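Chemist: Sequences listed follow chains P and X, in order. For the first sequence, our numbering begins at 1 and goes up steadily by one. For the second sequence, our numbering begins at 1 and goes up steadily by one.
Hints are supplied without guarantee of correctness; some may be wrong.
[Claimed, not checked] Computed cross-link-like contacts, DSBU-like style, restricted to lysine-lysine with a CA-CA straight-line distance of at most 35 angstroms:
| no. | chain 1 | residue 1 | chain 2 | residue 2 |
| --- | --- | --- | --- | --- |
| 1 | X | Lys12 | X | Lys297 |
| 2 | X | Lys297 | P | Lys115 |
| 3 | X | Lys55 | P | Lys25 |
| 4 | P | Lys115 | X | Lys4 |
| 5 | P | Lys25 | X | Lys162 |
| 6 | X | Lys77 | X | Lys55 |
| 7 | X | Lys77 | X | Lys12 |
| 8 | X | Lys303 | P | Lys115 |
| 9 | X | Lys4 | X | Lys303 |
| 10 | X | Lys71 | X | Lys55 |
| 11 | P | Lys25 | P | Lys5 |
| 12 | X | Lys303 | X | Lys71 |
| 13 | X | Lys4 | X | Lys297 |
| 14 | X | Lys297 | X | Lys71 |
| 15 | X | Lys162 | P | Lys5 |
| 16 | X | Lys4 | X | Lys55 |
| 17 | X | Lys12 | X | Lys303 |
| 18 | P | Lys115 | X | Lys162 |
| 19 | P | Lys50 | P | Lys115 |
| 20 | P | Lys50 | P | Lys25 |
| 21 | X | Lys77 | X | Lys162 |
Please keep in mind that the hints were generated in silico from the structure rather than gathered at the bench. In this text, all values refer to a predicted model and were calculated from it rather than measured experimentally.
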Amino acid sequence: MMYLKAFLVGGFICLVAQVILDNTKLSPGHVLSGFTVAGGILGGLGLYDKLVEFAGAGASVPISSFGNSLVKGALQELEAHGLVGALTGMFEMTSAGIAAAIIFAFLTAVTFNPKS
Amino acid sequence: MARKRIGPQTVKLEQPPVIIGAAAVAGPLEAQGPLGQEYDRTYPDLTLGQSSFEKAERQMMIDACNLALQKAGITGKPPAVDYFLAGDLLNQIISASFSGLEVGVPMYGLYGACSTFCESLAIGAQLIDGGYADRVLCAASSHNAAAERQYRYPTEYGNQRKPYAQYTVTGAGAVVLAAIGEGPRITYCTTGRVVDFGIADPFNQGAAMAPAAVDTIEAHLRETGRRVEDYDLIVTGDLARFGRDMARQLAAQRNLILGGNYNDCGAMIYDHTRQDVHSGGSGCASSAIVTCGHLLKEMARGKLRRILVVATGALLSPTTFQQGENIPAIAHAVALEA
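Okay, chain X solo, but in the shape it has when bound (with noise of 0.2 angstroms):
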């Protein structure tokens, strides 16, 4: 068995490579959420100044790479990383493809569905561990308007949504590994395996994710050894508000008992009281954002020492609904430490 491999799912990273730098944007329903001061940049529409939504998502992944390299100190174009690993939710991972010919530096595109931040993360990581790195970009970003017409309906359709359905998250979120500094540590990640729970709706994602954030929750502690009380705080990505009672239920018949320290960035990302987003968040940007523009701020505030963060993945594709298939999904788990 490979030396860092501490089970069938987890690996344990010797030398925990460093978070020097992250950075979250967001849009302007993200920026009137209950978190909307935490993000780095907040933009007043949906476009930013482009002449199309695919373009403004690109534009937002680019600014959340350079204000990441710039509080992790790096200058100069291109920027001093040795990889840049992103992805998004959009057909062929255009704004992750786009965003690497602006950041210039050797580029693997990654695609995880909304899990993607956290794979980034994972693969970020043992790419440094490996010695193979020093330092290394990682970025996701989703946008509402841009992905909710190639999943679901075109915002101009005018289409009902479900009172479960969830809304995507417009923004990206990019941070710096590097082998050396000052910063939270990733020390283990835990790749999820792809699960199907027999969900066929598209707008059910949070269900369909669930049983994956579970199942690699339940891996993560059973291979580490840890409790979940061992965490200051666990977050899944985008299951929402009903992703997230369905996902304590499912942890619960399996003894794992998801309380207080568990919630999920879908939810937190908005207020369901007075903003129309229905179950909540989902979407790549939707753990990307809440991890760093919120949660890596409360690690340095001293709020948080230790957090689990279980990014999940909706691993669909218009056609294979269409054609009347299930949804499977995926969750990707990685330990922060201050």
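So here's chain P without its partners, still in its complex pose (with noise of 0.2 angstroms):
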């Protein structure tokens, strides 16, 4: 069952951006950052969270966590440890996802060369 709403969510997410990238004039830089900061203002209202535990990958894999992980670690931070902690937090939980993508990026740029 969790496969199956994972499927539907996390297809759905990608569906809204496939529609608004081939009927818009949006790139997909627009697009990555908008569900990031959509991802965030769900995260802020506490929505996300939901949206994960009912679809779990389906929610957590979509750019858009990335949003929610940012808002939800500088809130965590700021609990804790005050204003400064609003700014530590945001990398706090993301920081695995940051590390992941530079070191993999790196790894391809090293082992592969761009073709057609």
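Hey, can you piece these two chains together into the complex? The hints should help.
Modeler: Here it is, written out as structure tokens:
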């Protein structure tokens, strides 16, 4: 059942992005940052975690989850360490994702050459 | 008014310069296209064995120049030409400049985006007819992977392309013009004006350039007193399929019927039914390789006697389109007659 829910919710998020790309002049960069911000707003309202609870990886894999994590980390550290925590906390929960992106990008760049 | 000038945009070459040698080189996808057999040299991969796509583009331009010089019977290093006129799409026209280092003769670097090929022919023809040169080498090139990463997205980014998007042609064309000799002649040059049709989408260059093409064709016909039917073929540079249809419609609005003797190089290079290039080809190489590889050979075979090549250029930079500005366009026409 979880697989189905993850498929439907994750697929729906991607569908929205595809419809935006096909029907507007927005670039993939706009969609990427737009979905991150949207995930952040939903996270701030406490809604995104409920979606993750419902759909699992269907909600935690798309980029909107990254926005959610940024906000969630900031809020957690804000409570623990005050205002400075809001700054340090942003990358607390997302550090694994960012580090992985850098490391895998590096390995890919070292290993492969661009082709047509 | 200047003696050889017959209108606001058109000059008539008094002693029409001759194309004594021309060559086209092309990349792997172009080699598989309908004109694949026509190119003088094709390459099995995009890198040409070089360490970067930029170096590969440069190598293509040098190869095209050497082949054209060879066909013109010009040997020696530096070659016996008075000027090298060349341009390309990369920042600071590095393909042309670095090729100029190799060619080793006095050079003017040109930028007219994808209209550069006709720009070089027009300027070269005028230098010769003006009595300032006996022989001029003209060249233009573009490379898919090098241009796409500069103007749009790098290939490895995996960006989705819109159905109307065009595909930058990999290739280079070179022409040796001379005051005397055997071959097709450049009889008229019509210089384009920059026009802006309000298109701001860098993937929709055909739509941006079609008005410029029609503007130049109309000016050419008006100023020379010729009609569309006077040409065996009128080809635009790189409007591709959708831009070509648009040019036909825009021309019809001005009572100009571009019929069966009209085509577009960007639409001719690929077979869109089996090659995944969406609307068709774009880039400096589009008009350059179709003209040097195919049309000039058709003229030599006697199948075409009088053609009008109208290379079209989208005058954008990544900075202007990222700042939301429109894409102005230009088109230059040269009349070639056997």
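Chemist: Give a verdict on every hint.
Modeler: To see whether the hints hold, each was checked on the structure:
1. For the hint pairing Lys12/X with Lys297/X, the CA-to-CA distance comes to about 24 angstroms; that is within 35 angstroms, so the pair holds.
2. For the hint pairing Lys297/X with Lys115/P, the CA-to-CA distance comes to about 32 angstroms; that is within 35 angstroms, so the pair holds.
3. A threshold of 35 angstroms between alpha carbons decides the hint, and for Lys55/X with Lys25/P the separation of about 33 angstroms falls inside it, so the pair holds.
4. Between Lys115/P and Lys4/X the CA atoms are separated by roughly 49 angstroms; this puts the pair beyond 35 angstroms, and the hint is violated.
5. Restraint check: the Cα-Cα separation between Lys25/P and Lys162/X comes to about 10 angstroms, which is no more than 35 angstroms; the hinted pair holds.
6. Note on Lys77/X and Lys55/X: the hinted pairing holds, with a Cα-Cα distance of about 21 angstroms set against a maximum of 35 angstroms.
7. For the given pair, Lys77/X sits about 33 angstroms from Lys12/X by alpha-carbon distance, which is consistent with the 35 angstroms threshold.
8. Of the pairs offered as hints, the one joining Lys303/X and Lys115/P is violated, with about 38 angstroms between alpha carbons and a cut-off of 35 angstroms exceeded.
9. At roughly 30 angstroms between alpha-carbon atoms, Lys4/X and Lys303/X fall within 35 angstroms of each other, so this suggested pair holds.
10. For the hint pairing Lys71/X with Lys55/X, the CA-to-CA distance comes to about 24 angstroms; that is within 35 angstroms, so the pair holds.
11. Among the hinted pairs, Lys25/P with Lys5/P is consistent with the structure: their alpha-carbon atoms are about 31 angstroms apart, no more than 35 angstroms.
12. The straight-line distance between the Cα atoms of Lys303/X and Lys71/X is roughly 21 angstroms, inside the 35 angstroms bound, and the hint therefore holds.
13. Restraint check for Lys4/X and Lys297/X: the C-alpha separation of about 29 angstroms stays at or below 35 angstroms, so the hint holds.
14. For the given pair, Lys297/X sits about 13 angstroms from Lys71/X by alpha-carbon distance, which is consistent with the 35 angstroms threshold.
15. In summary, the hint linking Lys162/X to Lys5/P is supported, as the alpha carbons are separated by about 30 angstroms, within the 35 angstroms threshold.
16. Only pairs whose Cα atoms come within 35 angstroms are accepted, and Lys4/X paired with Lys55/X is rejected, the gap being roughly 40 angstroms.
17. With a C-alpha separation of about 24 angstroms, the suggested pairing of Lys12/X with Lys303/X holds against the 35 angstroms cut-off.
18. The straight-line distance between the Cα atoms of Lys115/P and Lys162/X is roughly 20 angstroms, inside the 35 angstroms bound, and the hint therefore holds.
19. Restraint check for Lys50/P and Lys115/P: not satisfied, since their Cα atoms lie roughly 42 angstroms apart, outside the 35 angstroms limit.
20. Distance restraint check for Lys50/P and Lys25/P: the Cα-Cα separation of roughly 32 angstroms lies within the 35 angstroms cut-off, and the hinted pair is therefore satisfied.
21. Between the alpha carbons of Lys77/X and Lys162/X the distance comes to roughly 46 angstroms, so the proposed pair goes past 35 angstroms and is violated.
In this structure, the hints that do not hold are numbers 4, 8, 16, 19, 21, in rising order.
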